[in-house]
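**Q** Going down the list, the protein sequences come from chains L and P. Using this note's numbering, the first residue of the first sequence is number 1, and each one after it goes up by one. Using this note's numbering, the first residue of the second sequence is number 1, and each one after it goes up by one.
List time: in silico SDA-like cross-link candidates among lysine to any residue, alpha-carbon distance up to 25 Å:
1) L:Lys40 to L:Pro65
2) L:Lys40 to P:Ala184
3) P:Lys120 to P:Asn155
4) P:Lys36 to L:Met1
5) P:Lys133 to L:Thr238
6) P:Lys95 to P:Glu38
7) P:Lys131 to P:Tyr227
8) P:Lys133 to L:Ser59
9) P:Lys133 to L:Asp236
10) P:Lys120 to P:Ala184
11) L:Lys5 to P:Pro166
12) P:Lys61 to L:Gly234
13) L:Lys230 to P:Pro166
14) P:Lys95 to P:Gln213
Think of the hints as simulated: they come from the structure by calculation, not from any bench.
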Amino acid sequence: MLQLKVRNSLNLEGYTIIIPSICVGNAAQLACDLLIASKKMRRVGNLMHPALIPIFGPSAYQHDPQERVAACEIYECTANKLIVFQFRTPLISRHSQSLHNYIVELVRPAEKVVILSASFGFEKREIGTSPYEYCVSNSFRENHKTQLANVKWMEFKGNTVFGGGNGLQLYRLLEEKQVPVMLLFRYVLEGDNSTDATLIIRELNDLCSTFLQLEIEDKSIKLIVPVSWKLLFGNDVTSLIF
Amino acid sequence: MGCPMAFGELNIPSSRAFWDDCDEDEPVQRDTVPKKLELLYEPNEAQTPLPTKIFLLIEGKDVSEFVEAALLGGARNICKLPSPKSSLHYVQDKKLLIALLQEDLTNSGELTELLLPYAKEAEKVITLTVKSKIEYQSENLKCVRDDITFIRGINSKSPQIEELEPPNFIVGVAAGIACWRHNANLPTSAYVAYTDNVSLDTLAAKPIIKLLQEVGIDCKDSYKPIYREASHLYM
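Work the whole structure out from these sequences, hints included.
**A** Here it is in C-alpha cells:
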C-alpha cells in the first residue's frame, strides 16, 4: 500500500528512480542514505507491504527531524527529477514476488531505473579490474550508449549476484516489462561498509552527473552522514567488563 | 548454503536480503500464492470495527500474562490473531480496544494490514512495545544503567517521557500501525519500554503501569506474575 504525503498519485514521468537492493553489508542502502541526506531530499511517501517488516522511529536524517522512519520510504528531488527508495528491513521471502510486482507497476512510467547492489568480494574472479559490474536492459543501453562506452566497469554476464539480495530479481522483472533499467553493484566485504557506500555514490555521480548533482565544495562531493549512522556497530563496550 | 563438507570449502553466509530462511540464489516461486492470514473471530462478534476511543496495542516477546492480568479484567475477546498468544479485546464501557501482540515478525506486515480497519476507526492510537534493555542504543548509557525498566516515546504527549533518539526504532505490528497513523496525520503515540526482564515482574512492570495510567488507560495498580515452578529439579 502506497501512502503519499500531500498528493494523491506519484507522477514519475521523466524521473530517474534509484532502488537499493538489500545486499551484503547493506552497502546499497547506505549509499541511498548518503544520497538522501546529502541532497536533502524530501519525503513524498512510504510503502507498506506484507513483505516488509514494519518499523517506526525517529527521523533518520537531520534535515527533516519531523519525519519518522518507515520500512520503505520514498524521497524526491524535483529539481533533478530524481526519486530514491529506501528500504530499512529485510524482505519476507514468501511475499517478495508480490512486492517486486508492485514496485514494477509503480515505477513503470519512469524514464529509467537504477538498482544499486553489492556482491561478496570473494566472488570476484578477475583481479585488477574494476570493483564494479553492471547489467543493463536493451532500452537502457540504447538511451545511454555514449556514457556506457566510457565506463570502466565490467559487464555482468552471470546468473546470480551472490550477496546481491533481491536486486537481480527486481532487475529481471523490470527488464521483462521493458522498463529501462541498470543494475550496478560493487564487490565488497562485510564490515564497515560506509566507505563502500561513498564509493558507490561517487561512481553513480560520475555516470549520471546530470541528475545526481550533489553540492560541490572544493571540487569534491560534499556528502552528509545521516544521524541514523550513529552507533553503527552498537553501544560502546562497558568498562565494567574489564 | 550448508555447512562446509571438506577442509577449505567456502561456507557462504546466508542472505541478509530475507528475514526468513531463504537464499537469494533460490529460484523464485512465481505461481505460488502464500496462504493469507486471517483474524479468527469469536462467535457472535461483528467483523466490522467497533466504536473506539483508544486503540491500545501492546507488543513484546512475553507480554501476554502481564496484559491479561493488568488490563483485560473487564474486556471481552473479539478475535484471535494468527499466533496463539495474540488476540484483540474490547472494553465496552470505556470504548477501549486492546491488541495483545506476541507475534512472529514474519507475519507482522500482513497482520498490520489486517488491523488497519481498526486503526482507521479509532479516535486515538497508543502503542507500547516491550524490548530488552540490551537493544537500547545510546552514547550515554550511564543514565539508564540502573533502571530496571525505562520508557521512551515517539510523538509522546507526556512531558515526563523522553523522546526515542536515533538510531533506535520499534519494529512489528505496533510499529506498522503507528507508522500508518503518523503518515495519515492521525493522532498516535508510540512508546517503548526497555526492560531487564521482558517477561515482566512486579518491579519491571511498575513504569509500564504508571505510563498506562498516565495516558488514560484503566489498569491495575500493580502486577504480580503467577509463580511457576520453572526448575525441573526435585528435592
